[in-house]
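8 protein chains.
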Amino acid sequence: VTKTEIQRLLKEFKKGKVSEEKVVQTIAALRFESLGFATVDHHRHLRHGFPEVIFCGGKTPAQAAAIAVSVSRGGRPLLATRAGEEHYRAIRRKIPKAAYNESARTVTANGPKQAQNPSRRILVVSAGTSDMPVAEEAAVTARMCGNAVDTLYDVGVAGLHRLLARSDLLLTANVIVVVAGMEGALPSVVGGLVDVPVIAVPTSIGYGASFGGVTALLAMLNSCASGITVVNIDNGFGAGYAASLINKRTSQC
Amino acid sequence: VTKTEIQRLLKEFKKGKVSEEKVVQTIAALRFESLGFATVDHHRHLRHGFPEVIFCGGKTPAQAAAIAVSVSRGGRPLLATRAGEEHYRAIRRKIPKAAYNESARTVTANGPKQAQNPSRRILVVSAGTSDMPVAEEAAVTARMCGNAVDTLYDVGVAGLHRLLARSDLLLTANVIVVVAGMEGALPSVVGGLVDVPVIAVPTSIGYGASFGGVTALLAMLNSCASGITVVNIDNGFGAGYAASLINKRTSQC
Amino acid sequence: VTKTEIQRLLKEFKKGKVSEEKVVQTIAALRFESLGFATVDHHRHLRHGFPEVIFCGGKTPAQAAAIAVSVSRGGRPLLATRAGEEHYRAIRRKIPKAAYNESARTVTANGPKQAQNPSRRILVVSAGTSDMPVAEEAAVTARMCGNAVDTLYDVGVAGLHRLLARSDLLLTANVIVVVAGMEGALPSVVGGLVDVPVIAVPTSIGYGASFGGVTALLAMLNSCASGITVVNIDNGFGAGYAASLINKRTSQC
Amino acid sequence: VTKTEIQRLLKEFKKGKVSEEKVVQTIAALRFESLGFATVDHHRHLRHGFPEVIFCGGKTPAQAAAIAVSVSRGGRPLLATRAGEEHYRAIRRKIPKAAYNESARTVTANGPKQAQNPSRRILVVSAGTSDMPVAEEAAVTARMCGNAVDTLYDVGVAGLHRLLARSDLLLTANVIVVVAGMEGALPSVVGGLVDVPVIAVPTSIGYGASFGGVTALLAMLNSCASGITVVNIDNGFGAGYAASLINKRTSQC
Amino acid sequence: VTKTEIQRLLKEFKKGKVSEEKVVQTIAALRFESLGFATVDHHRHLRHGFPEVIFCGGKTPAQAAAIAVSVSRGGRPLLATRAGEEHYRAIRRKIPKAAYNESARTVTANGPKQAQNPSRRILVVSAGTSDMPVAEEAAVTARMCGNAVDTLYDVGVAGLHRLLARSDLLLTANVIVVVAGMEGALPSVVGGLVDVPVIAVPTSIGYGASFGGVTALLAMLNSCASGITVVNIDNGFGAGYAASLINKRTSQC
Amino acid sequence: VTKTEIQRLLKEFKKGKVSEEKVVQTIAALRFESLGFATVDHHRHLRHGFPEVIFCGGKTPAQAAAIAVSVSRGGRPLLATRAGEEHYRAIRRKIPKAAYNESARTVTANGPKQAQNPSRRILVVSAGTSDMPVAEEAAVTARMCGNAVDTLYDVGVAGLHRLLARSDLLLTANVIVVVAGMEGALPSVVGGLVDVPVIAVPTSIGYGASFGGVTALLAMLNSCASGITVVNIDNGFGAGYAASLINKRTSQC
Amino acid sequence: VTKTEIQRLLKEFKKGKVSEEKVVQTIAALRFESLGFATVDHHRHLRHGFPEVIFCGGKTPAQAAAIAVSVSRGGRPLLATRAGEEHYRAIRRKIPKAAYNESARTVTANGPKQAQNPSRRILVVSAGTSDMPVAEEAAVTARMCGNAVDTLYDVGVAGLHRLLARSDLLLTANVIVVVAGMEGALPSVVGGLVDVPVIAVPTSIGYGASFGGVTALLAMLNSCASGITVVNIDNGFGAGYAASLINKRTSQC
Amino acid sequence: VTKTEIQRLLKEFKKGKVSEEKVVQTIAALRFESLGFATVDHHRHLRHGFPEVIFCGGKTPAQAAAIAVSVSRGGRPLLATRAGEEHYRAIRRKIPKAAYNESARTVTANGPKQAQNPSRRILVVSAGTSDMPVAEEAAVTARMCGNAVDTLYDVGVAGLHRLLARSDLLLTANVIVVVAGMEGALPSVVGGLVDVPVIAVPTSIGYGASFGGVTALLAMLNSCASGITVVNIDNGFGAGYAASLINKRTSQC
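Chains as they are written, first to last, in this note's numbering: chain E, 22 to 274; chain A, 22 to 274; chain Z, 22 to 274; chain B, 22 to 274; chain P, 22 to 274; chain G, 22 to 274; chain C, 22 to 274; chain L, 22 to 274.
Hints listed in this document are in silico derivations from the structure and should not be mistaken for laboratory results.
Don't take each hint at face value.
[Stated by the list, open to error] Here are the simulated DSS-like cross-link-like pairs (lysine-lysine), alpha carbons at most 30 Å apart as the crow flies:
(1) LYS43(L) with LYS38(P)
(2) LYS36(P) with LYS38(L)
(3) LYS80(B) with LYS32(E)
(4) LYS80(C) with LYS118(C)
(5) LYS38(A) with LYS38(C)
(6) LYS43(C) with LYS35(A)
(7) LYS35(C) with LYS32(A)
(8) LYS35(Z) with LYS36(G)
(9) LYS43(C) with LYS36(A)
(10) LYS43(E) with LYS38(B)
(11) LYS36(E) with LYS32(B)
(12) LYS38(L) with LYS38(P)
(13) LYS43(G) with LYS35(Z)
(14) LYS43(B) with LYS32(B)
(15) LYS38(G) with LYS35(Z)
(16) LYS32(G) with LYS43(Z)
(17) LYS36(P) with LYS35(L)
(18) LYS38(E) with LYS32(B)
(19) LYS134(B) with LYS115(B)
(20) LYS43(A) with LYS35(C)
(21) LYS38(L) with LYS35(P)
(22) LYS36(L) with LYS35(P)
(23) LYS43(C) with LYS32(A)
(24) LYS118(P) with LYS134(P)
(25) LYS38(Z) with LYS35(G)
(26) LYS134(Z) with LYS118(Z)
(27) LYS134(G) with LYS38(Z)
(28) LYS43(P) with LYS35(L)
(29) LYS118(A) with LYS134(A)
(30) LYS118(L) with LYS43(P)
Nothing here was measured: the structure is a model prediction, and the numbers come from that model.
Use the sequences and the hints to build the structure in full.
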């Protein structure tokens, strides 16, 4: 409901075309609908090409499939995370073109044909091969949001030369997502090498005093490299989404 | 040392203008100096207008002042954080134009005359008045990095209307830093209202089961609003710096 | 045993109608039975229409069924919580009219026909759909205690308009139970909008640094909204029971 | 802005007495001011006799005094918590009638002359003498809110007879606040004896494995007595306020 | 090896009945065997009637049975704790008279025919029915050590009258073991009523913020009743054993 | 009030010597006073020679002195723990014969002239010299309770020979209190050498990951030696009191 | 690439034998390959006889087998840790000579025929039989690295004589690995008896307040014996590897 | 007491030169003195040139000085750690040649004139300047033990080139101590570059979620680089001592 619409309504009211009751009702309805920027919520995904996201954790395959159908109606993009094989099979039965990324545990459909701005790249880096599922979740999320995404896996700090050997990727990225478990040191090293936003994702990889990712989380929060921000343990989706928000800001210019 | 320079050196070597010893020395020096993007470290602050930062915590006033002199040489920007009155007095004796922000506990000098891109604004929001020192540290940091910064303080979730009343600021910001202690709920609410990157900063404000900011930190890491990233407790500087990195990304377009 | 009864006993003793031994026995028995208000324990449920409650966690279906038969004897109300399908089947074999609420995981029978005071309503609010089992446990408990209960689900803080759109329910409630996992921010927002008692229930919904509900619990204990009290993680029953105690106080007037 | 006011405005607009611009402005202003129940925030304290509260922790005496003057303007009630001697002296200089409760560490003025409903009593119980400051904060808060308040101190579970000897107070209370440190067992015992709402307040009293009140907090959250709700460690104010909200509910009948 | 034995050996050596080599060997062997009080280890169980104990947790049924055979050789008492049905079946195949206590999860054989001193009784008290396995483990252990043991179960603090009604048991016990989960308050109440040693056993019964028994453990360590000592979570065996050591001390008089 | 007294009262009532009102009053008074064993609380200390104990932590010198006067009236024993020099001076002004143990931080007076049963000894063992204050608090407490007490300090596990060299003390003790900070290993070693009750006291001695005694506490709770029980961190008094309860049991035979 | 090689290259360039492009390429390649000591990474295992290690945790049998084939190519040593039966079977199908250590859960092949320096021995000590898997993992690792390894199991501190009886092993070891769960006291005792490096390995053996090995870990970090260092919970491999690094230093002399 | 001595004693006993009583006494004395390797404790420091160490934390200057005099008698080496200025002044009054290292907070005297084996070097590396006190404590300890020690400070992972630039020091070290606070990532990076034993020392440097060094400690325990062992937070002494034990092992060849 825009200012113009209200002005029009008032004019018609003055002319007697609409009743006082109707005007009062409209104004009452404004109480929350007029929040404007709040209702943006419903539309921003489409506007920015961000898909509705289904978190399959704790959902039955049937529930996930039902939501997937609703979400992807009209060719809108679909992204389901933490999806097991069984979720995928249930969704595919309804949406045959849905694709499954076994490593990332994502189901996707109606994704963007190509990145909106191929020169503005998001780089996803991971420390070990075991961190790959989380890293892939971040990469899939960012790609579904229309970004150009590169990946650089298994370059943990105990073998620095592996990371340094790919300085080209580090230096051309616009935003970097760094995924690591165990001691979570990789974001500090990457953050010291580049001057773009770095989003650190702790993973639950490790044992004993890794406490399911808490050690990596704490290490990342205490990074001595400036400008690093952190998301929850194993939250690849959140990191990919935040990276996309940052990258989009840029690409709208 | 660029490729061109090396080519030039080799040409001169072939011509006999430089000795073999000189060439070998230069190549040996490359071992680490040639890391290129690593040594960017020394220069990126200047390039982007980011000042060298002095963390005064645990430093004597004399130490802080000595570093401040070195850092600000040649009119380069100076930012000292966690500075007490005593640090300020010691610095001012050496750098008379240094200014003290009592709330933010920062000492600054040689800051940018004006924001590089006034239309791209960083908004710093805080939940309570007690969170202001951390919020101000973020704001001062972002301003020293050349950003246009707005602030919106004391708009905690227990009185939503205070936040909603300033939707204009929320809707025009390019990046938002949200600072909160206690239950740390404000970033979730802000994150649900906007579609720009939100950086959450937990503060140590609270008592009892707030555990010096741990509760706020955990709440922010578990935010149900997508795209929120988090920094360490009371790390206003880190948030301001990360916000600046994101905002700069944008302004390069 | 009331003062009057003792006076009567003494009179009969004086008259020789009861032996000294009988009087001494009675007095001895008073030692604990005379605690009076302590033994209220056995009767208060019936007086207030509060059912005996069976916590099925860690009980076999057979055990649960046996207790259920004992508890519901004479048409007294039955409420079994944390009941699996198998508990329900065992109970139904003995008490055919027992009903199962799959979401709340409760088995009930002999509940009140209608709320004692429909104008004094308890509202149960939840942040996400995953919090529903706990919210339903609270709602079922409160209804079994004879309260009029409304529910408002999936109105988490990341989409404020959903909550604000139902201000009618918030404003007409006499007591509000707010159920949330993850960052546990909803009670603070609700507490800031109303001036009735708010009982916050953290849930174990979340992953990583949600630590099985600890984050939500801590956030609720640190709420910046005054007057919020908290129960244990996933304790929907406790919240429904406390809400009922509060609501009953009122309705006895 | 009520419905009636809007109807009146529209009528005057139709008559031409107010301009269209004025009506549009008014409607625009409604966007947040019309939240109605949210703005109740400003008025509910007065309506219910609840004073504005100043948390002196982290505030200078001068700041506390300035806020106190503003809050108590026009004879409105004043309650300042966590106030040291120095805060009191600063406030008294501006508000001579202000009174200091050294144990509760509260400064009060313009309190209610008497309880609104003396037959509906709040009882504040504490386990040890060291818990008294928190208990007193709860009692003062509840009295400032217009409640009749009784206190029963130093009746910890290691000497049950002390508690049982005052069953009269337990049985006549409408709401009970139970304050305890160390093992925090008292609320469970009290909760088992009564059938009114019990609010448990853990205190930081103890040493070693009491962890500044965490042990008492956890014990209270795990109480085996139904219907107990809990507030933050040392949060006497919160408990007194919640107790008052509950008691008021009742007294409206 | 006693002093007398050594004297005898030396005499025989002097007489030439034993070689020097033999004497040196014996002395060398003394290096550790002569620790005397250390080797008591092997014999004290028999002397005091304490059985060797087998902790079945993490052992296969076959392993448990093999150890059981070795331990019970010659009619020595056998106590196996944390034994599942499968451990019992494996042991019974080798030791037909072995008995299984399903609740305590113990397998026993060759226990004492009767208590050594029936007038010195150990009382095992538990808060809830769910705590019974741990309480039974303590009772079985104490009985196997030759003590007279009474039990008093399901007398948690939320219904004090149940405990107070059995003051006779409390007053005649020589040592009391108190078992409780959840808020762990029962030891404090019992400790305040008696003047004998009280051993508190926290159990892992509870959910949410009971943290697998940590809350009960902390509460017991912070008990305001003097003279209470605590063992590890669910350590019924340890409590029964310690109670027996204390009770034996007494009975030696 | 004994059974005989009640029988006498009833007889006099029947004879008309006492009024019905008087009998009813007496019975009413029984409600809690008749708890008998509960009121033992007031007398058991004297009966067993246990002094009333004053915990000076958080008390002003004046408060401590006032309580001390009351407690020691009539020559009853006085024990004040956690007493600073200033507490001692205040007490001595009122009770000139009061003595201060600077290491144990205790003030005592009217202690027993000699141990009740010198052949039944309590041994207090400590790991390091820094643990001595806690060990001394235990020793002073046990002596004030009339026990014969030996001490063996600075015999930590990193130099086993120091402990083994005093096997005589270990072997003659009836109860052993073992005090240790840091890794808290000493109770396990002592517990493996003896077959008497061992009470372990963790101390807050250590730094870094000793977490103020938590590490020692946890280690003691997990001791692989059977029969060890544990008290709160730094709770020398509790250990001394429990040891005395155990030792008394014995010496009453 | 050595200095000599570069000098040769430059000479050939000057002579025109190699192109400028070739020289520039070589120098560019130096950027990371010239790190020299970093690339040592690839070769040090072979040089020192250290095998490549496969952590089977979280890997499928097929994955583990594929890596095993690659690692053991050319007769290089193979060590796979945390290997289940299924991993072993998969590996054996490809590498028939692979051997499985069921206790250590390791698969090995191509190990050293004999220890490089039999007089320099590593001793692996464990507290309980349940700690054996971790101890064996350490022993197997050290043996695969070419060390002479002795083991001494089930010598926990609750029965000191078992440890002291094998002083010969303790005194002849060059490095000692001490493995313990529960209270983790053994490393302190061992560390006090010897003057060689001691590596402590906490295990997850225990229950209740052992917190999956955290108690043992903390105890070891706080050891009062000097010179003890610690690895992660259950990290037998890490301890064996570190012990080998230390022992190798020696044996290279 | 050696085997030979016992054989001699027995021979003399047979000859009647010593009495039976004397032989029995000698054997009895063996009980603990014969532990042999345990008493090595007293001598090993001297043998290896390791000084007795005084931990000044919690000791008065007078106490520290008294111990220092005793320890350094006869020119034996003296090392006092955690010494404040006041400790130093007290010691110097007694031992004029004592030297104070203000950064390391150590007092030393009678140290070794020079390293025993200059070619076997210990390298101490630290991440930040604030970690220097702990690093210096390690360096001073190692030097006092007769080692050649190098230091490399302020080479944290956020500026890798600083570390890589000193590869010479890394490659020539025999043992490396790595000191770091905050995220504690440096040991992983160093451990990946070298193949010598690395001892990691977490420091309490940091704020917020660094939890006084716990984050760094956990990160180091979870290092992905093999062969790293860890000591307690801020335990520079322990690391220096362990490094020396390792280095000495080597130098004995």
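These are the hints, each one checked on the structure:
1. LYS43(L) with LYS38(P): With Cα atoms ~21 Å apart, LYS43(L) and LYS38(P) stay inside 30 Å; holds.
2. LYS36(P) with LYS38(L): Satisfied, since the Cα-Cα distance of roughly 15 Å is no more than 30 Å.
3. LYS80(B) with LYS32(E): Since the Cα atoms of LYS80(B) and LYS32(E) sit roughly 54 Å apart, the hinted pair is violated (cutoff 30 Å).
4. LYS80(C) with LYS118(C): Status holds; Cα separation ~21 Å.
5. LYS38(A) with LYS38(C): holds (19 Å)
6. LYS43(C) with LYS35(A): holds (14 Å)
7. LYS35(C) with LYS32(A): holds (9 Å)
8. LYS35(Z) with LYS36(G): holds (9 Å)
9. LYS43(C) with LYS36(A): Roughly 18 Å between the alpha carbons, so the hint for LYS43(C) and LYS36(A) holds.
10. LYS43(E) with LYS38(B): Satisfied, since the Cα-Cα distance of roughly 21 Å is no more than 30 Å.
11. LYS36(E) with LYS32(B): holds (13 Å)
12. LYS38(L) with LYS38(P): Measuring from Cα to Cα gives roughly 19 Å; hence the hint holds.
13. LYS43(G) with LYS35(Z): Holds, at about 14 Å.
14. LYS43(B) with LYS32(B): Holds, at roughly 13 Å.
15. LYS38(G) with LYS35(Z): holds (12 Å)
16. LYS32(G) with LYS43(Z): holds (13 Å)
17. LYS36(P) with LYS35(L): Distance of about 9 Å is within 30 Å: holds.
18. LYS38(E) with LYS32(B): holds (15 Å)
19. LYS134(B) with LYS115(B): Within the cut-off at roughly 22 Å; holds.
20. LYS43(A) with LYS35(C): holds (14 Å)
21. LYS38(L) with LYS35(P): holds (12 Å)
22. LYS36(L) with LYS35(P): The hint holds at about 9 Å.
23. LYS43(C) with LYS32(A): The given pair, whose Cα atoms are some 13 Å apart, holds under the 30 Å limit.
24. LYS118(P) with LYS134(P): holds (14 Å)
25. LYS38(Z) with LYS35(G): holds (12 Å)
26. LYS134(Z) with LYS118(Z): Satisfied, since the Cα-Cα distance of roughly 14 Å is no more than 30 Å.
27. LYS134(G) with LYS38(Z): Cα-Cα ~58 Å, so violated.
28. LYS43(P) with LYS35(L): Since the Cα atoms of LYS43(P) and LYS35(L) sit roughly 14 Å apart, the hinted pair holds (cutoff 30 Å).
29. LYS118(A) with LYS134(A): It holds: about 14 Å lies between the C-alpha atoms, which stays within 30 Å.
30. LYS118(L) with LYS43(P): The given pair, whose Cα atoms are some 56 Å apart, is violated under the 30 Å limit.
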